[in-house]
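Student: Sequence:
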Amino acid sequence: MDEGSYHDHELATLRNLTAALFRLENSRTPEDVQHVLQALIVWLQSPEQSGLRRIFTTWLKEVFLPGRMPKVKFDEIQDLQEVHSMLAERVKEWTQNWKQQGVEEGLEKGLKQGRQEGRQEGLQEGETGLLLRLLEWRFGQIDEVIRTRVRSADSQILQVWGKRILTAQTIEEVFGD
Numbered sequence: 001m002d003e004g005s006y007h008d009h010e011l012a013t014l015r016n017l018t019a020a021l022f023r024l025e026n027s028r029t030p031e032d033v034q035h036v037l038q039a040l041i042v043w044l045q046s047p048e049q050s051g052l053r054r055i056f057t058t059w060l061k062e063v064f065l066p067g068r069m070p071k072v073k074f075d076e077i078q079d080l081q082e083v084h085s086m087l088a089e090r091v092k093e094w095t096q097n098w099k100q101q102g103v104e105e106g107l108e109k110g111l112k113q114g115r116q117e118g119r120q121e122g123l124q125e126g127e128t129g130l131l132l133r134l135l136e137w138r139f140g141q142i143d144e145v146i147r148t149r150v151r152s153a154d155s156q157i158l159q160v161w162g163k164r165i166l167t168a169q170t171i172e173e174v175f176g177d
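The numbering of the sequence shown is this note's numbering, which starts it at 1 and goes up by one.
Honestly, the hints are just simulated from the structure, not real lab data.
Don't take each hint at face value.
To be verified - Label-pair ranges, simulated between beta-carbon atoms:
1. R28 <-> E76: 52 to 60 Å
2. G110 <-> T167: 18 to 26 Å
3. D79 <-> K112: 18 to 26 Å
4. E121 <-> W59: 12 to 20 Å
5. T18 <-> K109: 48 to 56 Å
6. R115 <-> L166: 50 to 58 Å
7. E62 <-> G162: 40 to 48 Å
8. V72 <-> L123: 31 to 39 Å
9. V160 <-> E105: 35 to 43 Å
10. T167 <-> G126: 50 to 58 Å
11. A88 <-> G126: 24 to 32 Å
12. A88 <-> R54: 15 to 23 Å
13. V160 <-> E25: 13 to 21 Å
Ideal Cβ positions, reconstructed from N, Cα and C, are used throughout, including at glycine.
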C-alpha cells in the first residue's frame, strides 16, 4: 500500500490503526504527530490493547522518531503517553530539525539539478564549438549569421547538422537551406 496516496483529511476521520500509521508516516509537523498519538492513546487505553500499545511504542522509538530526530536517544520511552509527553517538550527542537532536514534536502536537490543543468549546458557548448570548428575546416571562414544560428540551436539540431556536415558539399546543405 502506498501511504502517500492517502490524504490526512481522509485518514483523520477513520478510527483505524492503519490510518493512524499512515497519518504518522505522512505527518509534516510535530503537532500532526501529537494529534495522532493522542488518538492512539485513547483508542488503545484498555488493558487488552497493551500488546498493540507496546508495538506502536517500539515502532515509534526505533523507526519513526529516529528518522525524524536522528541525534536524540529514545531508549527510556516505555509507552505512548511518554512519547506524547516527550514530543510536547521537544516540539521546538523537532520543528527546527525538520526545517533543517527540509533545507538540506532542498539544497541537495537543487545542487543535483544544478549539476545536471551544468553538464547539459557544457555538453551543448562543446557540441556548438565542435560544429563551428568543423564548418570552418570544411568550408573556410564562416560569417556571424551562421555563428549565431549555430549558437542558438538546441542539442538535437546540432546533432542533425553534425551528421549533415559529413556529406554536405556546401554550407547551405548542412543547414538544409
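Student: Confirm or reject each hint.
Tutor: Hints, one by one, checked against the model:
| no. | hint | in the structure |
| --- | --- | --- |
| 1 | R28 <-> E76: 52 to 60 Å | violated, 27 Å |
| 2 | G110 <-> T167: 18 to 26 Å | violated, 43 Å |
| 3 | D79 <-> K112: 18 to 26 Å | violated, 41 Å |
| 4 | E121 <-> W59: 12 to 20 Å | violated, 46 Å |
| 5 | T18 <-> K109: 48 to 56 Å | violated, 30 Å |
| 6 | R115 <-> L166: 50 to 58 Å | violated, 33 Å |
| 7 | E62 <-> G162: 40 to 48 Å | violated, 57 Å |
| 8 | V72 <-> L123: 31 to 39 Å | violated, 45 Å |
| 9 | V160 <-> E105: 35 to 43 Å | holds, 39 Å |
| 10 | T167 <-> G126: 50 to 58 Å | violated, 22 Å |
| 11 | A88 <-> G126: 24 to 32 Å | violated, 58 Å |
| 12 | A88 <-> R54: 15 to 23 Å | holds, 21 Å |
| 13 | V160 <-> E25: 13 to 21 Å | violated, 49 Å |
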